[in-house]
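**Q** Each chain, written out:
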Amino acid sequence: MNPLLSIKNLKKTYPNGVEALKGVSLSVQPGEFLVVIGLSGSGKSTLLKCVNHLIDPSAGEIIFNGKDITHAKGEEVQQIRQQMAMIFQSFNLVERHSVISNVLMGSLSRTPILKSILGFFSTAEKAKAMDYLKLVGIDDQAYYRAGQLSGGQKQRVAVARALMQNPKILLADEPVASLDPATCHVVMDYLKKINKELGLTIICNLHFLSLVRQYATRVVALKNGSLVYEGSPQEIDEKWFEKIYGEGAKQVHVR
Amino acid sequence: MFGKNSYLYKATLFDAIVFAYLSTLLLFGIFSPSEENLLDLKTNFQIEFALLLLGLFTSLTLAKFKIKTLGIAIFEPPHKKTQGLAVPFYKTFWGVVLLTAFSVTCYVGIRVTEFSFYELTNREGFGGAVRLIKGIFSPNFKVLPRAILEIIETVYIAFVATVLAVPLAFILSFFCAKNMMSGSVGTKFVYTLLRGFFNILRSVEPIIWAIIFSVWVGIGPFAGMLALMLHTVASLAKQYSEQIECIDDGPVEGIQATGASFIQVLWFAVVPQITLPYVAFTIFRWDINVRMATIIGLVGGGGIGDMLIQYQGQAMWEEVGCIALVIVSVVWIMDTASAYIRDAIK
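Just so you know, the sequences run in chain order V and P. Anchor point for the first sequence: position 62 equals 62 in our numbering, and the numbering is continuous, going up by one each time. Numbers given in our numbering equal positions in the second sequence, counted from 1, plus 1000.
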């Protein structure tokens, strides 16, 4: 099977001289739940943001759906982003808008500018937004302001917004890092559900190894901008753990 | 010679200016030059230029000995500021320079303003001021009806000036915000150009604009309104754009990631974050404009200022007292109301 996304020798050096990625290569098969692990500053976020061009990579190649998108510009970038939905650690909702309006923002790329600005989303789009809110179990809050919701609820709204884009892949950048352990599992369960039931490919950055074992179908580990591990989540033993997180680190179990 | 540490250019130049400034004052203290000497621009320019070169040299020498100068302390990038030991600023070289410059400037400032306790306590001058204040505090209410009509005109002048300025300032604010315009060289150029243009507009007081417009469209409220409007566009565009510069980037990233176009990102991620501050700034501006409109009348911009200047010119302090009372009450009401509204929409 052809990979949905393949990254070849990707490098990113920031203007202040920090080398966030030092040549990372990996490929993602359709339907995978790939988890990227590593310490803060290992380049996980940079990797995801390079893929959908929120950050421009310095060198390397990104091939998505059989097409080289490394040097995409302007409207091409918008089309790529529409196919790669993203959710963030800080949710990045528009807090003053209602929940349903936030979900409808997932359809901006296919709505004409003037129509979207005036708030004229079609009935079909609204029904679809409502369906996705039902899927993440938050449809009863549809007309509340997004800013009023709790962290876990906000992230579920963000997931609904992402699904609204009809994406081919979902990029999740530390989706549960600012949530408490219990809520964290709720959100991860929804991601797993989306992966299993809708067959959506997911790349997810995570801290906790216990979550990785529970949800990932495959794991890669980054350390100082380089890939240091690639394989199944079960194969990460004490030795690998120390290699990825450094000696003296202890596994934190979140059950 | 500095490579990618381009901030060193700014720092060295700044040090040189500080050096030239301090040594100029020192030379002034030593030689106490005559007025003729002070007006000799050519010689003075040469001296300043020499001092500036000497300052550049001093700064570079200090840098060679790894002494942190004031310029470096100011211009070094944030990640360098947090490095090194935490020494109280008055124990550092740059701190001493800063303190010296500040105290010398204070001293010179007091000399320049001819600050004098003798004049302040002079009996004759003080008596005149007491007469004036007495007049103002026993207002003549015969002029009250006129004053009320005029202040109503003033409030409307301020209102129209604000309302007409808002849409212009709203659109222009996006072009004056650094984070919106850092995309390419072209947009950066527009940003710099607009910023400079507005700085000029703002640095000219509305009272000057009122004089210009009263020649252009004739004396009266229209000239005053135009003057206020121009100044308001420039001020609001600056305040608005600063608000855009400190928005939370999260929603912007979130909307960008959906594949939305630039306009959609502006509308859905930026606008919701700035609407409330914009309303608050606008109401505050209206409040300021009412105060300014009273002054603008002084040069023929219409409203209560017109009336004030007439009575003041004839030293009719009781009438001035009545007009002042009207102005104070309205300004006080506007101020309280605008503070209340700004609080309510937070």
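Everything labelled a hint here was simulated from the structure, so no lab data went into it. Since this is a predicted model, take the numbers as computed values, not measurements. Do not rely on the hints blindly, as some may be mistaken.
[Stated by the list, open to error] Only pairs whose alpha carbons sit at most 30 Å apart, straight line, appear in this in silico DSSO-like list of lysine-lysine: (1) Lys1068/P - Lys22/V; (2) Lys11/V - Lys1142/P; (3) Lys134/V - Lys192/V; (4) Lys1081/P - Lys223/V.
**Q** Please go over all the hints and tell whether each is borne out by the structure.
**A** Outcome of the hint check:
1. Simply put, Lys1068/P and Lys22/V have alpha-carbon atoms about 35 Å apart, too far for the 30 Å limit, and the pair is violated.
2. Our distance criterion of 30 Å between C-alpha atoms is broken by Lys11/V and Lys1142/P, whose separation comes to about 81 Å.
3. As the CA atoms of Lys134/V and Lys192/V are separated by approximately 16 Å, the hinted pair is consistent with the 30 Å bound.
4. The straight-line distance between the Cα atoms of Lys1081/P and Lys223/V is roughly 28 Å, inside the 30 Å bound, and the hint therefore holds.
The structure fails hints 1, 2 (numbered hints given earlier, in ascending order).
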